[in-house]
Amino acid sequence: MWVSAIRAGTISEVEYRLRHRDGEYRWHLGRSLPVRGEGGQIVAWVGTATDIQSRVAAEAQSRRAVRMLDTISDAYVTLDRDFIITYVNAEAARINKKPDAAFMGRLHWDE
37 MWVSAIRAGT ISEVEYRLRH RDGEYRWHLG RSLPVRGEGG QIVAWVGTAT
87 DIQSRVAAEA QSRRAVRMLD TISDAYVTLD RDFIITYVNA EAARINKKPD
137 AAFMGRLHWD E
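Under the working numbering, the very last position in the sequence shown is 147; numbers go up by exactly one each time.
The set of hints was computed from the structure by calculation and includes no laboratory data.
We treat Cβ as the ideally placed atom computed from N, Cα and C, and that holds for glycine.
It is possible that some hints are incorrect.
Claimed, not checked - Here are the simulated distance ranges between beta carbons:
1) ILE88 <-> ALA44: 22 to 28 Å
2) ILE108 <-> GLY45: 25 to 31 Å
3) MET104 <-> ALA80: 45 to 51 Å
4) ILE47 <-> GLY75: 17 to 23 Å
5) ALA101 <-> TRP81: 36 to 42 Å
6) ILE47 <-> ALA101: 31 to 37 Å
Work out the full structure, taking the sequences as your base and the hints as a guide.
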């Protein structure tokens, strides 16, 4: 990705693991962007490396929860604070004879 960004002169964004001095590997988000001079030529690159370990761990936990909810024999639906459907498990979709995508983003009371 970085080599492609250099060749194209475009913004680059990549997630990767770095080993911390304590030996633990942590996920990071690397971003880089070209700095252009008056003539449009690249004169420098600016980049950041942000520790995203907490986000990656939360996403993994969320995926595990979704897998668990999709295997239970009860219908399960989640709503946001505005009663918009944000998740429908496989059993709820089966009972309603609609794919889960048919419910997503809809107001609960409309169903």
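Please write out, lowest number first, the hints stated earlier that are contradicted by the structure. When the structure is compared with the hints, only number 2 turns out to be violated.
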